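We have chain Y already, so just place chain U on it with the hints.
Residue numbers (the numbering used here), protein chains in the order written: chain Y, 30 to 1051; chain U, 30 to 1051.
For the record, the hints were derived by calculation from the structure and aren't laboratory data.
Just so we're clear, the structure is a prediction, and the values are computed from it rather than from any experiment.
Please note that a few of the clues may not be correct.
No copy is singled out in the list; a pair is fine if it fits within one copy or between any two copies.
Each computed SDA-like pair below joins lysine to any residue, with the alpha-carbon atoms no more than 25 Å apart [to be verified]:
hint	residue 1	residue 2
1	K338	Q135
2	K484	D429
3	K114	A138
4	K483	Q310
5	K114	D137
There are 2 protein chains.
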Amino acid sequence: MASLAKLLFLSCLIDVRCKGLRTTFQHTDDSTCGYGSCNPVKDDMINVHVVPHTHDDVGWLSTVDQYYYEQVQYILDSVIPELEKDPSKRFIYVEIAFFARWYREQDDATMHTVQRLVDEGRLEFILGGWSMNDEGATHYNAIIDQHSLGFEFLRETFGKCGKPRVGWQIDTFGHSREQASIFARFGFDSLFFGRLDYQDKAFRQSHTTMEMVWRGSPNNLGVQADIFTGVLPNLYQPPAGFCFDITCSDTPFVDDPRLHDVNVEERVDAFLSAMADQAKQYTTNHLITTMGSDFQYQAAHNWFLNLDKLIKYVNARQSNGSKVNLLYSTPSCYTYHVNKAGKTYTTKEDDFFPYAHHEHAFMTGYYSSRPALKGYVRRANNFLQVVKQLDALAMLEDTDNSTFNINILAEAMGVAQHHDAVSGTERQAVANDYAERLANGITEAQKVYNDAVKKLAARNGNAVLEHKFCTLLNISVCPITEHENQFMVTVYNPIARPGLEYVHLPVSHDQTVSFKVWGPDGQEVTSELIPITPGTFRIPERKNSTAKYELVFQAELVPLGYSTYTVTSNKVIQKAAVNKKPLMQGADVVLQNEFISVAFDGTTGALKNMTNLEKQISIDVTQSFNFYNAFGGNNSQPEFQASGAYMFRPNGSSIPVTMGSGHARLSSRSYFVQGEVVQEVYQEFSPWVTQSVRLYNHHRFVQFHWTVGPIPITDGQGKEVVSVFKTSLGNKKTFYTDSNGREVLKRQLNYRETWPFNNTEPIAGNYFPVNSRIFIRDEAKQVQFTVLTDRSEGGTSLREGEVELMVHRRLLYMDGAAINEALNETGLDGKGLIVRGSHYVMLDPISSAAAGHRDLGERLFMAPALSFSLPTDTPGANNAWSGVRQALPDNVHLLTLQQYPSAGPAPSETQPFLLRLEHFYEKGEDPVLSQPATVNLQDLFSAFDVTGAIELTLGGDMVLSDLNRLAWNYPHEDETRRKTDSTLRFESEVTGKITTIDDQFIVTLYPMEIRTFQINVRPVEM
Amino acid sequence: MASLAKLLFLSCLIDVRCKGLRTTFQHTDDSTCGYGSCNPVKDDMINVHVVPHTHDDVGWLSTVDQYYYEQVQYILDSVIPELEKDPSKRFIYVEIAFFARWYREQDDATMHTVQRLVDEGRLEFILGGWSMNDEGATHYNAIIDQHSLGFEFLRETFGKCGKPRVGWQIDTFGHSREQASIFARFGFDSLFFGRLDYQDKAFRQSHTTMEMVWRGSPNNLGVQADIFTGVLPNLYQPPAGFCFDITCSDTPFVDDPRLHDVNVEERVDAFLSAMADQAKQYTTNHLITTMGSDFQYQAAHNWFLNLDKLIKYVNARQSNGSKVNLLYSTPSCYTYHVNKAGKTYTTKEDDFFPYAHHEHAFMTGYYSSRPALKGYVRRANNFLQVVKQLDALAMLEDTDNSTFNINILAEAMGVAQHHDAVSGTERQAVANDYAERLANGITEAQKVYNDAVKKLAARNGNAVLEHKFCTLLNISVCPITEHENQFMVTVYNPIARPGLEYVHLPVSHDQTVSFKVWGPDGQEVTSELIPITPGTFRIPERKNSTAKYELVFQAELVPLGYSTYTVTSNKVIQKAAVNKKPLMQGADVVLQNEFISVAFDGTTGALKNMTNLEKQISIDVTQSFNFYNAFGGNNSQPEFQASGAYMFRPNGSSIPVTMGSGHARLSSRSYFVQGEVVQEVYQEFSPWVTQSVRLYNHHRFVQFHWTVGPIPITDGQGKEVVSVFKTSLGNKKTFYTDSNGREVLKRQLNYRETWPFNNTEPIAGNYFPVNSRIFIRDEAKQVQFTVLTDRSEGGTSLREGEVELMVHRRLLYMDGAAINEALNETGLDGKGLIVRGSHYVMLDPISSAAAGHRDLGERLFMAPALSFSLPTDTPGANNAWSGVRQALPDNVHLLTLQQYPSAGPAPSETQPFLLRLEHFYEKGEDPVLSQPATVNLQDLFSAFDVTGAIELTLGGDMVLSDLNRLAWNYPHEDETRRKTDSTLRFESEVTGKITTIDDQFIVTLYPMEIRTFQINVRPVEM
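Bound-form chain Y, shown alone (with noise of 0.2 Å):
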């Protein structure tokens, strides 16, 4: 069964005629993996653990694929048979990209091989991700999403023995606290990994805290996110001099007497030194060794008879009285014994931001690093979920090839996630690689979203469309809006809950053209057309679209449902007006609706002023774009480090971006328009950067979309562009970054909460990853000034009231790392890339400032989703349908609705389907939206009836019940405080066991929690 199930996951990922079903969770194998599979040591001895291990970077120098063929397929080749060969040996592999890829490609008896090396833990997966994932540019959402890809596959294929126990983020650079709060959440046992501040680690080191517990979410899940850590000593390499690979020139060990050059006792000794000094900065008697690379082991066995040797010539000398005892094992086997020894530990609250490796080498760049690739991720994961809901909504059959093509999505994003992928730490031709993987993705999933939408609107009486995509709205591309008299545009909105949105739609007419927008109902929709900025035509990309104007509607969200608006044009003989205005006409500019007004000021176009209308706020506040230029070195010596993809290394502060020198004002360009629907003041800082700042009717945010490139480096001087609010808030050196998207840190300038900090890199050094938000308080006047971004990027508070982001950087050096490229993205026609993207900036009593910004955090990353139809019928009525009974609460996010990957349901029967339900509000943030909140699965959905449901871990491959995680000794006092918060619901926590979900279905949701269900559903009787 086992291997059935096995095989038809496998056809599942390559076969249109994928059928089969979810095996169960409960695997009954006799297996001997575990912690019980673990070697032997030796108590009154330093026990060694000896870990053989490759890195294989799911890209970076070279793509995914071509590391596969070149590097990977060999690794697996040849560890196997080492690993066949002796029961002792053990062998971690890590990356199921490569893995699963590897697999498939393997005959039935490789196949049982491996199954039995994995029953027996000589070949462990640790992490289990798709990708090792990137922590400073990742959005939650994502990262979840990319373990339980690679779960998944696990499950499916090993059972319980290819669960993954750790975490093993080795080579990411600087670690977030969320990535630890999942990895606890996964029922991970302990996390490692290999890159932290050289301050931090030197602090580590002497303090004899290279492992720590680290508390992931301490103000809001409490001890369920809390995850044994580990620093690991050599980053992820060999103690130096005992590296065995066939890439590496260490010396073998060289035993046979009758050849020159013996070297046993020297180096044995040399490892026993080595030893010794890790020793100190450890408090147990055991000690971890990673012995291997990146893609090492492609001869596996170069590395294991040295390893042998190493083992025997080592552990001889215990007959000497040597007290060193080697041994083969792995993390999780080190994690066991390190438990075992019940030492007490300190805890970390903070994060591993930022990553520091010397005095000016600040990993702070690539916050920032390939911003459209960062963009287009976020925008792809956005998409991804959509498709995932109308698969399961629509409940689509494997006969219509949506598992499949949804993993095709799935898998791109799950090496998009790697740590040289989203990072824009990866060479272009690997970047150009990973964004053709999205769109390739997208495109076989806008087949599914066809097929549900069809699917759904035939059920639902709707007119049954055939949908097309404009993947390049965000330049103003549309070729069927452009062309078509009339059209329809459906709107998907992923988010269980009603909302607004206002859909841009670029035409092409000549102002003699009139345009009406019909909704759902029939009823006509206010309307208006916007001129496309100036700063739109230089986008190289859109040389094919003759739009020169936008029209511009609200469209009404239905919950987790679509509705559908149809567009018609007619001639007319007056043209429409078009309300454009120079913007600096002398007197200010004001933009407003019911919640907000922005003032722009009328001699320098700059904005000037913000006005909460609401809450009657109002701040000073400008905007511009600044520059950075990007110091240039060879990096031969710490003062000479660049800043390169990696990097951030500013070579003084930043200057403003103007028309020119001198020049305070904005091109004569810039204008602004007074709609009914939008109101947009456009400014053009220079031929390069330029920016439409819009209000919304109904909407509480000012949304700030700049558009920056190609970034001019004629001057032989790399450059780096950051938007820089500058209000007349008091801030006292304080600011708050999110992490990963969700809980949200305080960060302090030039400052570190575990170690005194001696910033050598005042601007780099403060910077720190905005994956989706940033925000400044001045607790005196208790107003908070928030900016959530679309995409990943780095951002500060370097002086009082301001708020800094990174949106766009360019640099003609390396910055040290193997990538031998600088990250010159030079674009469509070479000329340099020119990104577009958008800050949305609030202004809000911090009281109610999380009701904002939780709110639109949530729909920037689950925005609707557009699709266009050429009418078949007339506008006709109800066009729309809701997947939901009745919408969630306001502060519950169904952050996961799909099909299990590995199998399709047959139809009309009982089947499997993952959901996810998350509070996304902190404890105490809002005194309504931060108290608990309950759903009622069988009460949620509309499109299929809830039969069963089982409480899985945040991964989805294990029952949560049977979650047992070790226990630890370290002080968490505050759990006494969270009790008395919600007494009964921590009492449960303490233990590390959470119950699963009561017999009628309702589930409660504790601030910043995540519950991951197997539910059963069948189709709904119509």
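What follows is chain U alone, placed relative to chain Y:
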């Protein structure tokens, strides 16, 4: 039994208790190796023989043992499992120095697996030498020995399936005709190599003569020395783009349609295109493609995985009409199929020297690189032969550890023959390692010498002495002779004919001591003191010696035996007279004995005239040391080619070495001594070039004993030093050089025999290897001027009457190979290596010249061995013994006499010895000595009785009558002529067979013939 023999052999290599029986030559297993084990071909297609191979240098950039541990162990470890997995796979292994190291480290199971793979022809040994020997700087004695060492390992370990059938000189820098001849007489069916002159290659490619029959001894041995020879298409690399080794960056086959970059059709097209090109250059429907390179297959799987795909996808095209068929094959299987095709081939009768790979890259520098190492290798061979003989003559038993100790030197010599060892093209550290190995081997062999000479002395009633050795006699250092008042000198003559040797012994007397020398018969022998030359005192290695004089006396050499001389010293009142006079005293200085006189100019000190008194031939002849400034360059293009370890590229003509600018005469320290035993002129050309010209009584040659170095480089110029003889002879641009110390080849300036040669390097392009001798002839005067060397040197005759030999080189630039070090030997004190050697000059009628240089040539590489003892008795009578009952004929050389290395004899039993006898004259060289010679084996040795004999192939690994070489079609009409010379003899040659020894044990030897026997011997009853 095979396994037992293997284990015995292995233990023999390492174990003092080695005993065992020589396995018979009749291998009776029913293994399937041989041409019958080749994979099937398709007769109607082009068959591409895919030959997986690795080229493992026995030292080069790293030492042999470093290479073993750092690379080679992994190659064999990883290839064997790949072969096991698939019966169609083939692999060839070449260098037995490595294979033997590996094999003896394996467990029984692996040994059996390997045995099976060899038995089935899946693992095939090609070449089978201990190393792939150099051809430009090696001596035939060492070439044969190093192959026999490998062959013996293979025969003992694998039986007949281990026998190599193919010569494989894929990397050597030019190819000697003697090597081809030796290979043919090993029984090889073919020879393949990669490197030949670029013009030659182009010519052969366009004339479809990449394959030929090379006649290794067209004038002497005829067809038995002919061998089918193929130039490999791509050096020894894979076709461009098809290197699938882990160290290569060619794109692997990407054949999973689910991944990006699938390239199957494109790769197949490229391969077919390469094969179509190759097919144009070869004549049969078989093509060979070498799939491997230096130290490849450490991760054999990478190669085989992609070769499997290459074969699969190319052959799949056959279903679409492709007529190309790929198969795993070996060079021998390729040979077999080419032979079956029955084409007719052209012949080649000269050699492949010099080798140029572009117009300024003539690899003629290595003929002279590292002259000290080249000299040491020649001396080590001499001592190895001495010790092998003594071990056999004394019939030392294995309890004496003799086999083991001799093998240490034999293996060191095997390694030293490698094409980056004696060639001088290795790194300095590696050169040091070769020298250390030889020194270790000599030290071990000295023990055997001692044991043997003591055993023989005891048996013969001579004084049983403890022998010590003075390995620095060449620089006049010997602690015993310097410090003892009385000592004994044992002179062992490894030639089975009598002779004269002039013994030089450094003594530390202050001229108040007189020495007497007593012969083995107790009679006093004439002796004299001569001063150690000033040039000797600048040698830093002499720093512990206080000797200022050398005692010289004439020793009578016993055929294949020893004689012991006793030296006593006594205080005297009167100083011994040393007749030392300034050289430049006005009148010419003449040295003269009964055969020869040489005159030196009394003004300049230079050589002036030489006269053969017996034949009344007198010529003007000067001799000088010149140097070339070496071309420096970065090798980035042909014109920037530098002179280096491989290349010789002089920058202009040579410049005389002088005492300084304007000095046309030698230093005033030059002098001459006219002693009773030796007459000597000491010439000081410069502070770094000195020379002793010596004339001994009764010798027909003049010795030019030069000391060169440190070569000055303070002017930033590398230099290459030559000794130039300018004679009054007219040689018409023709000169003669030997091939590996045996047959002599005619050379002509700026001419190649087989293609129209365009010489772009007028000096380097006319350099040829001089392994033992060079001569010029004045055909009009019928006079020959011959120079013999004591080691391999490069030589030429650039102008009429000249002979030029390169004695030392010191270079400051690399010449483009990976060696990454300039050939700048700095010597013991870091100031630059001083090298000392000799040229031996003869002047004769052409008709009698061979008698002189053949005899002297033999005596130079088989010089007497000296050992020293302290007397335990009064000077005894009859301290001499000969191992032969009668001397061999004057034209027969005892090339090999040894116990088999693999098994020592059990006492008193009949046991097998290896014997080689050589007729060392060429046909027609001498009216008498070029006649056939006969030897009665039963009548030859006095040390033991010969009870049986069987003739073997030259390599000693096969009964000659079992040999059945493949027959080839090629013109060899000269056989007819040869038949008339010696009808019966050459009748049998034509069949490729030689009759075995007759019942009377009488062996007839024809010119240049070497006959190899296993003789069964038993101790003589005493």
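Evaluation of the provided hints:
1. K338 with Q135: Between copies only: 15 Å across, 31 Å inside.
2. K484 with D429: within (11 Å within a copy, 94 Å between copies)
3. K114 with A138: both (16 Å within a copy, 13 Å between copies)
4. K483 with Q310: This pair counts as neither: shortest intra-copy Cα distance 62 Å, inter-copy 65 Å.
5. K114 with D137: both (19 Å within a copy, 16 Å between copies)
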